[in-house]
Amino acid sequence: MTGDTIDGADRAPVLAILGIGRVGSTLARRAISVGYRVLVAGSGSPEQIGLLVEVMTPGAEPRWAADAVDEADVVVLAAPFSRLHSLPLANLDGKIVVDVMNHWQPVDGDATGIELLDSTSETVAAAVPGAKVVKSLNHIGYHEIEEDARPAGSTERRAVAVASDHPEAASVVLQLVERLGFDAVDAGPLANGIQLEPGMPLFGARLDRDSILSVFAAEQDAA
Amino acid sequence: MELGIYSFGNGLRDAHGEYEPSARATRNLVEAIKLADEVGLDFFGIGEHHTEEMPASAAATILAAAASITSSIRLGSAVTVLGTEDPVRVYQQFATLDAVSNGRAEITAGRGSSSESFPLFGYSLADYDTLYAEKLELLMALNSSPTVTWRGTVRAALDRAVIVPQPEGGPLRIWLGTGGNPASTVRAARLGLPISYGIIGGQAARFAPLAKLYHRSADEAGVPADRQLISVGTPGFIATSDSDAHETFWTAWNNTMKYLAGQRGFTAPPRQHFDEESHAGGALFVGEPEEIASRMITFQRQMGHMRHFLQTDVGQLPHRDFLRSIELLGTQVKPLVDAELGTKNPRVAS
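If you read the sequences in order, they're chains A and B.
Residue 1 is where the first sequence starts when you use my numbering, and the numbers rise one by one after that.
Residue 1 is where the second sequence starts when you use my numbering, and the numbers rise one by one after that.
It cannot be assumed that every hint is accurate.
Unchecked claim - Pairs of lysine to any residue, SDA-like flavour, derived with a Cα cap of 20 angstroms: (1) B:Lys-212 <-> A:Glu-54; (2) B:Lys-212 <-> A:Gly-50; (3) B:Lys-212 <-> A:Pro-198; (4) B:Lys-258 <-> A:Trp-104; (5) B:Lys-258 <-> A:Ala-191; (6) A:Lys-95 <-> A:Pro-201; (7) B:Lys-34 <-> B:Arg-24; (8) B:Lys-258 <-> A:Pro-198.
Hints are computed from structural coordinates only; laboratory data are not their basis.
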């Protein structure tokens, strides 16, 4: 696959996945299965998660969160949204940061202690102004990341949207999504990430590329 | 392997789409538990919810009513939303249930997938983790001694508090209920608690690695193998013909998905999605008895659980269909499962 490189280097990006709950562990397993090097971190030490990683995500390398970030090209935020400020945000400067989190009011409630901007990814971007934030993969059910993945060209391949204000970061994440087994759809600027949030038509829906594009086209017409 | 049922209560609607009295849904549950006992099922669980759609808010009360008209079925919560309960009160209620049922009470403590109990009982979701961790610790302390001394941040301290009634047959079986977060599996294993998985969609066997993680973590913590118990709750519906089962349960499941989709902001999945998950390999155990028995046996061999219980009365599934499914589970599925796996609990998978 072309373009799946960092800074012109002839290698796939190293992923750090922060959060090894249902989403993080599933993503890690899937990424490893398609050939990525994956570093994972929970809220504590690598030793604390050693057995969990060995059983649930064999091949992933446990790290302290800050160390995982420092070693990685792409950092995936897969912690509960309410724990945003417990992540090593200062280390994210200059990194490509994929926000796969959701603020799910009926489940999480309002009391996250986080001042919310229009969309959660803009909230994340404001918390890490030096990072290149990309919103993606939050609108697909976590186990579907494995169950619905299909090879490129498959007629039943599902699409996943990618929104970012940083075109080079978006391009890396578009490649990542493709390689994970989904049609990656460029959804434009990060503010468009609001279309991927709970309560919006893309959230939890199995859509193909054209259906996702038509949602954004309709949004543009309405604007 | 044990077989059973669990329910959140099923708010039925009349011809105009209005909810029927929730008192009726409550009585329906008592009737269902009685039938489950009569047809030889091993377990009935009530999961705490607080909505007109799912009105089973007071599990211990429903189970106590059922205890007096049943003889051998085990009765438990599935789950008790522990973070918004007083563990002392939970323990007293289930110890009382244990007394009136002659030793058939169980508790499944969980976080719950809904947050409605937080405002109802005056708790903040911001305290979710602390509430759950401390209250689980207290519940376990209550289960290990008739007088309890405890200090924490989420309720008043206890100083040699006497807890009555005490279960006669030793500690209650307290499960930790989880929807699949690996950390919850590790927590249960380290605490030496049996674990109960709620698998409500996708492929059922995706939980098999968690079972492995549970045993590995429990071994590491020195928990004896005979105390490493796994149970599994999934959606399920049985009818005499496969197509009837799928048509009837699709309507109910779709109603529930539309309801939850409205609550939680996702898009209700289409029929194709249901069809994938309600056939071999999927988490929805929907079909005729032989098919369900065969799928349950296959799944047991992947996961090593000692109990599989089905959530059937969802989305205004007609009560008579619920009762019929319970009857078929007990009279037709259970003998087939027993013939293959034995009536004793299968050996814990290693």
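Comparing the hints with the structure gives:
| no. | hint | in the structure |
| --- | --- | --- |
| 1 | B:Lys-212 <-> A:Glu-54 | 11 angstroms, holds |
| 2 | B:Lys-212 <-> A:Gly-50 | 14 angstroms, holds |
| 3 | B:Lys-212 <-> A:Pro-198 | 33 angstroms, violated |
| 4 | B:Lys-258 <-> A:Trp-104 | 17 angstroms, holds |
| 5 | B:Lys-258 <-> A:Ala-191 | 28 angstroms, violated |
| 6 | A:Lys-95 <-> A:Pro-201 | 30 angstroms, violated |
| 7 | B:Lys-34 <-> B:Arg-24 | 15 angstroms, holds |
| 8 | B:Lys-258 <-> A:Pro-198 | 14 angstroms, holds |
When each numbered hint is compared with the structure, violations occur for hints 3, 5 and 6.
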